[in-house]
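Whenever a hint applies, use it, and build me the whole structure from the sequences.
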Amino acid sequence: MSTAATEDARLLHGPWGYASIGDKISAIVLERPLGWRWLLAFVLTGLGVLGLLAAMGWLFAQGVGIWGVNVPVGWGFAIANCVWWIGIGHAGTFISAVLLLLRQHWRTSINRFAEAMTLFAATMAGLFPLLHLGRPWFVYWLLPYPDTMGLWPQWRSPLVWDFFAIATYLAVSFLFWYVGLIPDLATLRDRARGAKRVAFGLFALGWRGEARQWARHEQAYLLLAGLATPLVVSVHSVVSLDFAIGNTPGFHSTIFPPYFVCGALYSGFAMVLTLAIPLRRVFSLESLITKTHLDNAAKVLLATGALLAYGYAAEAFCAFYSGDAFEIGMQQQRWHGPYASVYWTMLTCNVLVPQLLWWRRVRRHAGWLFGLSLVINLGMWLERVMIVLSSLSRDYVPSAWRDFIPTAWDWIFLLGSLATFAWLFLLFVRLLPLISIAEMRELVAHRTEAAP
Amino acid sequence: MNRWGWMAEFESAEQLLAAARAARSAGYAAQAYAPFAIDGLPEALGIQRSRIPAFTFAGAAVGGAAAYAMQWASAVLLRPINVGGRPLHSWPMFIPVSFEMMILGGALAAVLAFFVSAGLPRLRHPVFAAEDFELASRHRFFLVLHRDDPHYEDRAAARWLDERRPLRRVEVPA
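So the protein sequences, as listed, match chains F and P. Under the numbering used here, the first residue of the first sequence is numbered 1, with each subsequent residue one higher. Under the numbering used here, the first residue of the second sequence is numbered 1, with each subsequent residue one higher.
Check before you lean on any hint, since a few could be wrong.
Residues of chain P clear of chain F, computed beta-carbon distances all greater than 12 Å [to be verified]:
#1 R49
#2 G119
#3 R169
#4 A174
Facing chain F, from chain P, some residues (calculated, C-beta under 10 Å) [claimed, not checked]:
#5 M70
#6 S117
#7 P121
Simulated from the structure, these hints should not be mistaken for lab results. Backbone N, C-alpha and C define an ideal beta-carbon position, used for all residues, glycine too.
In structure tokens form, the structure reads like this:
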């Protein structure tokens, strides 16, 4: 037995065949009744969606003044939330694209829902800059179009780059996800009846599973993975340039792009675990999403967490090494200024507590990992808030220093985006196969080949 | 004759692979259907490598170049803005948008080329009318000989498929 085959055996427990694995995954969509737990979660998060919509209405009527933003802290929670959400999305692309190119078979049972997570997280991320615009009905001014005013976007502004990066990211993530879904939609079409059959049939585009189609599919999928890989690095680099290009103490640093990409993967893998652990339990998928998967994801957390800790250390070092009074002052403000509690909680959540992952028992224990993933999600959100608030509130003009205090609306928008993300994800798990059936069948096939 | 071809059902990927190889050496332009991508099946059927990579490259090149040209034209020709004498053609600042549009162009071209070369979307196809064909997305493997193939002759094809010892052979109505 080859090492790859032994590896595959650890990733798939139980006597699965081509039919049974497909039936298991498609039954979640086609047969499983809507339990009270799902309905309750759906209604509660649905109320959150309505709350967010209502809050958006109030925001558009009143303006961004309902938030705690001021001059000089013009960004507030909205931009911190945007960066946090887009970072969460990156793990989905990393799992589906980078791990595909690296032939990591353990990605197979988690890539589909991680890609869905990417789409929904990127949607939430895209929402916040629009809400933050003040006059969101002029959002199309970011687009290059030959308008009668003869104006063009400012190509030298990272905010314009950001618009292109996030829009491209959403589009490419969607294409990648949809192309991967087509064979599974055909599987669902062939098992469903009535209106569902028609709906799945239309979205499957008439996929027949012909050898030529599979060959083209494989090729296109690999190419999309190859395109998504530099894209995911570029998107968060561009997001970080929103900060780094600005001449603000704490922002204006070349460490930002790698530091942000690392943080993105860190928070994203945490969110993957936050979603995977309840999913495998509720839908009894422990034999498909095994402890090996959890273990591997936890190791990625450990690695990216270590890089992030280096980032925090380098940030502090560079501030003092620069000799600039404002850089040093800003760093000291982080330690014992108005946002010191955010800074130290962030370090606890992102650096101290995750050291538990060095223990194999913790990495393979679903409950511990779930708790840790929530801690890391919180820590990463605090990091984004810390970066935005501590620098903007302590700029080069001390007479303009001013603190940001979040209002109730700031929290409502954060919670509303969380509810909307969860609501979309709840819809996804009941409407589409949350694990790639076709790729799981390949795992089954490899195992059959390996076993004599 | 109202028959598009014959469809043989196999139990395993290995049997389908063997039958596909045999069909190719017998001169048939057979079609194979499977619930997942089988290693070696395209080669067994003699399916040529596609030009999806070339199209993807072209799409990426066009996307990147067009985005760069747009930024250059708008910043240098259409609306030049003098900011303290800084160069209008500030090319390093044009790279991020060009890069993103290059990726977008490549991805769109890859998906488009995939649809065209895989014949999607096509909601109607003779094989869908064959009995039990929905198992092709479940756990069965099918080989089809059809009349669009110049080498195809109805009775000989049926006999040839039976010699491959399939689970069963059904007709594919036209």
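Report the numbers of all earlier hints that the structure fails to satisfy, in ascending order.
1 and 2
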